[in-house]
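Number of protein chains: 2
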Amino acid sequence: MTGEEQTRRKRSGRRAGPTSSHDAILEAARAKFAENGFEGATMRAIAAAADVDSALLHHFFLTKDGLFTAAVRDVFAVPDLVATVVAGDPAGAGERLARAFLVHWDDPEVRPRVEALIRSVRSFDGAAGTVRDFLAGDVLGPVVAAFGGGRPDLRASLLGTHLLGVVYMRYVLRSEPLASMEATELAATIGEACQSYLTERF
Amino acid sequence: MTGEEQTRRKRSGRRAGPTSSHDAILEAARAKFAENGFEGATMRAIAAAADVDSALLHHFFLTKDGLFTAAVRDVFAVPDLVATVVAGDPAGAGERLARAFLVHWDDPEVRPRVEALIRSVRSFDGAAGTVRDFLAGDVLGPVVAAFGGGRPDLRASLLGTHLLGVVYMRYVLRSEPLASMEATELAATIGEACQSYLTERF
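Top line first, the protein sequences correspond to chains A and B.
Final position of the first sequence in my numbering is 202; the numbers increase by one with none missing.
Final position of the second sequence in my numbering is 404; the numbers increase by one with none missing.
This is chain A alone, in the form it adopts within the complex:
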């Protein structure tokens, strides 16, 4: 048993492996970030909600930024993203990319986390930059790199910007006709715009 688990056991009075502490922290973090915003949610409050010592949060995630990235990571964890986008006609890559994200976000397990993510981000706080950096760098960076165009950072940034805008309209504002369209139909509609950031010369 690690020191962290002993700490947790002492506080909670029940046994818990590191995986369940880890998951309990992520679940508490998603709820607290959504409730109070990234800036408003404290590590202490998240620890209390997860019923663990706050030292364990720092042990697992180092910083609040790290915890936030871990908590929202699966919103962007589209399975086999690069392979899906690269396979097939290059002219359809933008639509495949859009479809992969929209199908993922429509998943009933993922969708509440999309909404929690947006609730966590207040216009001017640090979380917006963290989301942008994670989406553009870790998630879209490898996709853009696979197409080899110049200015990959700019391409990934604009692609991420447009995808997040569509998320916001579809899942948060529920703005029609975006909210009610099938994922595949909406993907066909935004496919050309996404394509321009993958393959257009600029």
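These are computed hints drawn from the structure, not numbers from a lab.
Every value quoted in this text rests on a predicted model; they were computed, and no experiment measured them.
C-beta: ideal position from N, C-alpha, C; glycine also.
Take the hints with a grain of salt, since some may be wrong.
Simulated DEER-style distance windows between Cβ atoms [as the list claims (entries may be wrong)]:
(1) A:A87 / B:P292: 26 to 36 Å
(2) B:L264 / A:T199: 47 to 57 Å
(3) A:A83 / B:A247: 52 to 62 Å
(4) A:M181 / B:A347: 19 to 29 Å
(5) A:D23 / B:R313: 41 to 51 Å
(6) B:A347 / A:D65: 36 to 46 Å
(7) A:D89 / B:G351: 21 to 31 Å
(8) B:P314 / A:A48: 39 to 49 Å
Partial pick of chain A residues on the chain B-facing surface, computed with a CB cut under 7 Å [claimed, not checked]:
(9) L173
(10) E192
(11) A193
(12) F202
Listed below are several chain A residues computed to face chain B (Cβ distance under 10 Å; list not exhaustive) [said to hold, decoys possible]:
(13) A136
(14) D153
(15) L158
(16) V172
(17) E176
(18) M181
(19) E185
(20) Y197
Put chain B on the given structure of chain A with help from the hints.
Below, chain B without anything else, positioned relative to chain A:
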């Protein structure tokens, strides 16, 4: 002198024509919406900040939505927008549209109002829908209509979504390389994506 002006004169002790009351309300509204968010700012607090009776706000703007739209209108008041986009090679329409907005937003008088607008909008409140409806309907609707493609509401909505995403990245998050690019260079970069919503078949 109107009843509203008499009311104002009684409260403030100084003479003011309807235009200056109108402008004072808009200025106070921009500041209060930015400070407290659309939901948090009350008509009463805006009236107090403008030193007018709150009945005058309702007289001029009917509702808080109406006041908000009036307060943010010039953020989207690109001069001669439709004529600028329609004139010239149709293949360059998307870039002309993007350039017209970016040059307008870079104007030192407009830019603080762009930031105030974003500060006013909290993720889930009514202001986000008001901005979307105004941009997609009143501002972009006539541009999209000029190109005659099907599903004009969908086109205007997605075009507006992308432009607002770029606003947010460039002026609020100040995310590089978007923040430091010249308006014309950034317009060339997002031009194809904008073009797809004007002329692509889907």
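**OP:** Would you pick out the hints that fail for this structure and give their numbers low to high?
**Re:** none
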